[in-house]
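From these two lone chains plus the hints, build me the complex, please.
Chain order of the listed sequences is A and B. In terms of my numbering, the first sequence opens at residue -1 and continues consecutively. In terms of my numbering, the second sequence opens at residue 387 and continues consecutively.
It is possible that some hints are incorrect.
Said to hold, decoys possible - Here are the computed distance ranges between Cβ atoms for each label pair:
| # | chain 1 | residue 1 | chain 2 | residue 2 | range |
| --- | --- | --- | --- | --- | --- |
| 1 | A | Arg11 | B | Val613 | 34 to 42 Å |
| 2 | B | Val988 | A | Gly84 | 39 to 47 Å |
| 3 | B | Ser1122 | A | Gln32 | 52 to 60 Å |
| 4 | B | Thr1323 | A | Gly84 | 48 to 56 Å |
| 5 | A | Arg45 | B | Met1362 | 40 to 48 Å |
| 6 | A | Ser74 | B | His928 | 27 to 35 Å |
| 7 | A | Gln32 | B | Asp1015 | 40 to 48 Å |
| 8 | A | Lys49 | B | Gly1381 | 56 to 64 Å |
To be verified - Here are some of the chain B residues that sit facing chain A, going by a computed Cβ distance under 7 Å:
| # | residue |
| --- | --- |
| 9 | Pro540 |
| 10 | Tyr640 |
| 11 | Thr1133 |
| 12 | Asp1137 |
| 13 | Arg1280 |
It should be emphasised that the hints constitute simulated quantities derived from the structure, not laboratory data. In this text, a Cβ means the ideal position worked out from N, Cα and C, and glycines have one as well.
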Amino acid sequence: MLLIYCPYCDVERAETEFHCGGEAHIARPSDPSQTSEEEWVEFLYMRSNTKGVAAERWRHIHGCGRFFNAVRDTVSDKFLKFYKAGETMPDLEKISKEAGK
Amino acid sequence: MSQPFRTEKGGRIDRNEQLTFTFDGEQMQGHKGDTLASALLANGVHLVGRSFKYHRPRGIISSGSEEPNALVGIYRNGDQTPNLRATQVELYQGLEAISQNRFPSLGFDIGAINDLMSPLFPAGFYYKTFMWPKSFWDRVYEPVIRAAAGLGKPPKKPDHDFYGNLYAHCDVLVAGSGPSGLAAALAAAETGAKVILCDEQAEFGGSLLSENSASVDGKEPADWVAVTLARLGAMDNVTLLPRTTAFGYFAHNYVALAERITDHIANPDPKLPRERLWQVRAKEVVIAAGAIERPLVFPENDRPGILLADAGRTYLNRYGVKVGHKVLVATASDSAWQAAFDMADHGVEVAAIVDLRETPPKNLMAIAEARGIRVEAGCVVTGTLGRKRVKAALLGRLMTSGQVASGGQVECDALLMSGGWTPTVSLYSQSRGKVVWDGDKGAFVPGKSVQHERSTGASKGLYGLQATLEDGYAAGENAAKAATGKSAKIAYSTATGGEASNGGTLGALPHDRNASRVKAFVDYQNDVTAKDVKLAVREGMHSIEHIKRYTTTGMATDQGRLSNMNALKIASGALDRPLTDVGLTTFRQPFTPTTFGLFAGVSRGDFFDPVRKTPSHDWVVENGGVFEDVGQWKRTWYFPKNGEDMHAAVARECKIARESVGLFDASTLGKIEVVGPDAAEFLERMYTNPWKKLATGRCRYGLLLNDAGFITDDGVIGRLAEGRFHVTTTTGGAPSVFARMEDYLQTEWPDLDVWITSTTEQYAVAAVQGPKAREVIAPFIEGIDLSAENLPHMSVREGTFCGVPCRLFRISFTGELGFEINVSRRHGKMMWETLAKEIEKHSGTAYGTETMHVLRAEKGYIIVGQDTDGTVTPQDAGMTWAIGKKKLDFVGKRGLERPDLKADGRPQFVGLLTTDPKVKLEEGAQVTVAENPATGTSAEGHVTSSYYSPALDRTIALAMVKNGQALEGKTLYVPMPEGSIPVEVTGTVFYDKEGARINV
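Next up, chain B with everything else stripped away, as it sits in the complex (with noise of 0.2 Å):
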């Protein structure tokens, strides 16, 4: 038969409307409305899957988000999403769902082993047991242990699915659709307000979907619901977010939402985001979130079959199905009796009502004997029978004494049980409140609001229909009024029945049972029972921050929020202290487990990061060039020709670029425009060099220091006019160098009348380096005299290129002739085919950043970045030529007269030269003055850079070495596992150290 424990009728599914679907392969039957849980039961399954630790048998415990144990994969486009709650899973058509943490099946799974040998696992046993050897944690134990524990399995494909982001503004955000938060939102929509509704289940209406022993304003309380949303959603003003949780409550009323949209469709449409995250700017948010019921913790409250009395009552009432055909409730509260006189309605056995207080409620004991239900007052459940399914329960009955003695046995396929109510305090406690204990209640409730925000009905444990649904009301105009400062009068809805339930419990329950030998489950999820709890209170973990860390108790991505309470008072127990003295952990963001994709949105892939391209890029990918990320730009590395390999590419570029010519696309230098009658006197308090004398039409390399005297950045400065400087920053430097300098503008100089403008991508940059460069532009120059007489090294003309303009530089970066053609971004590529197609006259080369590399070091110029560290100073780098002497004040010019700076011992630029020429030092490599020096032995500097110089036909390397300039050749030695490596001491310039070259 197919779905034996469908009731008649009844709930909110969609009978007409059958949905097929697998669990584990089997094929079963459920109806549209069905969540996969509730499904399951409706075809007696309970046992869903095998726990974290034990691997016990376990089963479906609660209907809500808040589920423990019945975690499953959901099987769609061929890949797994792992770890949904099947109380969550909303059924469709051909839905495939397989169980976790299981081998070879759920039914026998090898890992139960763990469950027999479960005294060898207390609390804290790993950090017990695997403490030695050292060496076997990463070979040995954590590979085991990995295997053996955890739940789902990854997705082994990227995510086939989108994910939509959203930003949102609204006057009042509530948060949960139960009663107290339909009236919160009909309130404050009813004023004008801007109002976002959101739930996390498909269906609004909270506890009103499955309360059929109440009305609101004479109708069923689901009929109420309908009405309601009736009129919120013919409001302009009203946002409707069914299937939306909201997850993460962060500063300033900021409150971040996950819709799910197509995870319960069969078939969505491939246009659709899987999810999308709202980010909500809220004026004013309504904690709506409702309570949670408590379990028992008696042992053996793991089975499968034994489920929360409320979650019972929703899955007869919401979704027409039977837990059980003779159904245990055990209990310490009122709502639970409610359960068992609507199993009973159904024409379900109740076994009994099992209730933890001696004189349970008159008119409840008058209800269940007018139904024939048997009670037992006074007593508890001290143990359960059945491995895979709960079979029956031990009852004991609680004696003046404190003891219990037998009650015996109850036969039950299902038993229900309630330890009360517990606020849900989570996005109150995110908004960083802090709860506060109510003795009366019972319950941590949500104390002072930090933020703009108010928690309503039992989610500040607030319960009972009528004065919830007052309180959501009065939460909603305070709301809009806080947030709009209007207010509306609406007629309130009036409901009877559904009277707020008195009773519950906390901690463990007594039982007659040998201690040592029974399990009482506090936490489902990690496997932390009420023993674990006691047992790391006797090892000293005396606060409830070390006890959760120690157990694992609520550290499960239920954040303990069935077991927090429970494990506190087990705690306050044993350490014989006050509940409230204890304390209670943290609520952190996300409320429920949240997936990556949410939080990735759009930035994957392509849109990770944005990709910044050069002008040449199209001529670089057609000729073959390689590229190399440098920020987010790419360069070009090298052009390797007729299968070169890098080193090959290299050495002929270098060649070419000295013998001849050499093109490099250099616009992703920073540039920055300095403009102003200040220009000159800013660039002077900013630089270390003098600019105030700098003619129009020269250029000046310029080091930028910080104001504790270090080389942050470097770059070429052109003069184009009075008031008007071509700044050149480094690549990676660019933006920091910009932010400085508006920082310096607005803070500290005010009083200077100057602009600067960014204009790194409105440059495209064309370096032409070697001595034929000349004759390479000429032929595109007008408007310029390139002679050498007119045009010396240094200098900067403006005119036009092709007959676009340009800001031709006569700069060089090589130690050759050179310049630097800067022209309009959009006339890029122009410039550059058409230098790249010029070159070529001259057997000239393009190119890329190592050869660029090379040719530097060869005359020994720093790279901001690579040979300094943040730690080097002007002298340090031998560039003491580079400040202005005379100045009263620059950027870092009172930091250089700091001691240390000046001390003797100072790390110094140098060049180092390996006495095997074909030897290539390490980047990084540690110099030492000692061949084989002595563990311990602190090294005296370090390589900086290291290549192979084509044009000295052997190796250079430049590096920071402790009083260098003074060791000029001698020899010291860079030790490597393969054996020390003996370097000779040198100046920084390798080639043409008069400069010849350049003044051509």
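This is chain A alone, in the form it adopts within the complex (with noise of 0.2 Å):
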């Protein structure tokens, strides 16, 4: 079971405790009706579903409520970055050669 770090609440608590919400920083087009077929779908259904560093929300659903992002390695599972919504996405690259990844 994972442990997870709230950057809200400032706690790490069980995995339990929280929801995954997907592949982060997806932001819904801010006038749809403008969007193509293809940027629709990209944004309805594509997602990168990645084997190592990726970005991702979690809703802290048993605590405070709120939506968050963190980075996680898929692979080891290991958390590298927990950043509150709304702060822009850190550089996977830089975080993942920091990990020695």
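What follows is the structure, encoded as structure tokens:
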């Protein structure tokens, strides 16, 4: 069971308190009517399904209820960074390198 | 004579406390401190079970949890627990044990015919033999195989025990309490770190408990254990857990421990759980799991009386039991020599020490000579005699040519063997670490740490008492430092004696027998021989993963802890590839078999899943209502009166609700309070409908899509104030709708100033529906003008019900005049009982979910999740009216523009009427154009809802049919096994099409 840090509560808690919300930084287009079919399909369905370092959304569903983002190595399950929703996407390559991947 | 194989003195058993137990009904004696295995051996019992496939007689082979043979059933409280390892079962007064996998008895077993027929059962036998005919698998092969194979029988009654659960956090978890584990625990604990030390055995100390040829700090090893434990026990920061197996190492240093609490007690306190699951989050873990001795693979190496050498030594030194009176020791490593010496010292005749090595160490040779023990170097065992107990062994002399020459026969009643040692890397492997091959040690040892752990002592291939102690201290210090940053220097104990054992072999031993006729077992528990492994390679299995599955070697409950290395070596030889190229299978959780009870814990019976009850629950029980489960909710299905069946009860309820009044508990509906300056804007973006212009005090039906454009939920939303909405959702959709609202609000539109709160459990809701509804509620409502002019259909007001605050909705899911009254949950029972009494004055009825379904279907109202399936758009459902045409955006708007959703040929929501009004369609039945469509024809759609309608006195159905709205009036068919049913396509509203009844 993963150990997850909530950046809002500033605590580490067991995975059972959280809900994973899939890949992070997939913003809903601000004006969907202006999107092409391909762009909309990309937004709806296409995910990178990374093997390795990936940013994903988590919600502290049985805690504060807030969504936040985490960078996790999907191979080792190691978390490399936690940050609040709305913060810019970190440089995953840099994080990978720092983690020695 | 009782216990003829008990030594005169010595061992850790309590000779003053005699215990009586039975094995297969035969009464025997043992002592406190015995395991079932040691007590059986003390009584001269080696034969304890029959093997899995060939039903060969099998005896105790080990003294620990790796035991593959001695699986027994233990009777307790009228039921038995199967497949317990006799080597782990602690003896208590009155223990009842039975052997397994034998019929009619252990001594005479019919299944043993399999052994004689074994040429018919090679590896992959099942795959090759039971291929044809296909239908025979279910009816013939599987039942026969299942009856013949397997080990214990499952218990027949529900588990009478209960199980505990505990979460724990610590700085350092030490798994294993041998020399390195104890040293690690002590070193870590002295720094002040919070330490948990667990060991699967009843007593801490591991190998130290059976070591009597060494000393630590000048003390007997067992005495040093006692002193060390006293030190640990006196520290508040240390938790000692004996009888506790670290069975699973999971992500982020989460380690699961199984603590056995009452299994070893004759009459346990009924308040105690049988086992307790410890869910430990350790900052650092020290794996001190030790090593396991390898069997030698020679023909007939499975006879009762053949044990691992170290097990023989443990039974002797720790339990005071001689495994035989005349013991042959066969080995390839030093450690077994010590077993022989200890045997000789206890007056056991050592028939010979047979060492594979041409030149065994001189010092050992000298000790053997001093004791007058015959030594055969460069020699192997090539076979054994004796069916239910080994009688003699055949020796073979290794020639320089590589051939084996007969070396005569040696009489013996026990044979101790040692092929060297295999480090127990299971926990390390579970932590996702990759083992590496250490050529010098001839073993796979832990490689790089992936998690916060380190292996110590024998579990990383380090042997010798002094070395393991030192390594243990260092591991403990290192772990504590990593966990807490603190360190403390403690005085290390020093050991003399207990030197590292050298030597060892892997794979099958050479012999001079007919290879096609003899069985040299690699995996005892699954009856896999050296021959089977070679056959698997010949038949094309070249990876150890394939060999494992084809032969089942290493797939038994012991996960091949005795067999894997030998199997690997044999495979590597057959493939003519280096051992490391063949690969090692991965050890997985659990380390040893773990009870389901431990995992279930208290989550059984009433605690398996929460039960959610509505305010009317008690009243419904008193009034004979029938419940149905809707998720965790208990909802009333229908209220049978005077012996009515469901059909009659529902017909009556429907009729009364339409003619007079019905009362329905709608408390399970999801409720969300949406509040804030941007509340209307938020709903505008979430739902298809427009909300900004909805007047305070009015309601609107809301349709919720996902961004793909499909219907996911619906409900009525009322505006209580400029910035306050009362949103309702479906019963099942409440949590997911709330979660999606949070998601959009927090991550897509953080600019909106809105708060949402789930209020599902805060409100009790009574729906009063029918022409008399207004009269029923009027006496209790204050502060609200109920007249049609002031409170038209789709309105909401706040007032009081019997003096308590209420939110009154004028809405209808029946097509009749209807009200839904929301009061605080604690007043729900009062409200329900008040209204239930009041409707009697109007000959009304309470009704359940079935009537609710019929009434809504008569009106063509959809139920999301029944009439829709996640691929239905508002257009498909005929609900384009619910879409705010002028809205620039809402969740799903862009999705609806996708070409496929606008294309011709979409399934559409329609009504179906059978030609014969008595015939009721099956929900889910397929709808076709042809009366008898050819096989392979695609259906045009399917029936989603189907009922008998009392209002129409005929059956009605709703369906999704391709281009259905254009087919109105046409005849389609619903093919069924009894014949095709003709149906007419109609609109979806069957009753009161103009909606006159609702606006009164």
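How the hints compare with the structure:
1. Here the CB-CB span from Arg11 (chain A) to Val613 (chain B) is close to 40 Å, well matched to the stated 34 to 42 Å.
2. As the Cβ distance of Val988 (chain B) to Gly84 (chain A) is approximately 41 Å, the hint placing it in 39 to 47 Å holds.
3. With their beta carbons about 29 Å apart, Ser1122 (chain B) and Gln32 (chain A) fall outside the hinted range of 52 to 60 Å.
4. Taking the beta carbon of each, Thr1323 (chain B) and Gly84 (chain A) are about 53 Å apart, inside 48 to 56 Å as hinted.
5. Between Arg45 (chain A) and Met1362 (chain B) the beta carbons are some 42 Å apart, a value that agrees with the proposed interval 40 to 48 Å.
6. Look at Ser74 (chain A) against His928 (chain B): about 29 Å separates their beta carbons, and that is inside 27 to 35 Å.
7. In this structure the hint that Gln32 (chain A) and Asp1015 (chain B) lie 40 to 48 Å apart at CB holds, the actual value being about 46 Å.
8. The beta-carbon spacing between Lys49 (chain A) and Gly1381 (chain B), approximately 57 Å, falls within the hinted interval of 56 to 64 Å.
9. For the restraint placing Pro540 (chain B) at the interface with chain A, the shortest Cβ-Cβ distance is roughly 29 Å, beyond the 7 Å limit, so the hint is violated.
10. For Tyr640 (chain B), the interface hint holds, the least distance from its beta-carbon to any beta-carbon of chain A being 5 Å, beneath 7 Å.
11. Checking Thr1133 (chain B) against chain A by beta carbon gives a least distance of about 5 Å; that is within 7 Å, so the hint holds.
12. Checking Asp1137 (chain B) against chain A by beta carbon gives a least distance of about 11 Å; that is not within 7 Å, so the hint is violated.
13. Satisfaction of the interface hint for Arg1280 (chain B) is found here, the shortest Cβ-Cβ separation to chain A being roughly 3 Å, below the 7 Å cut-off.
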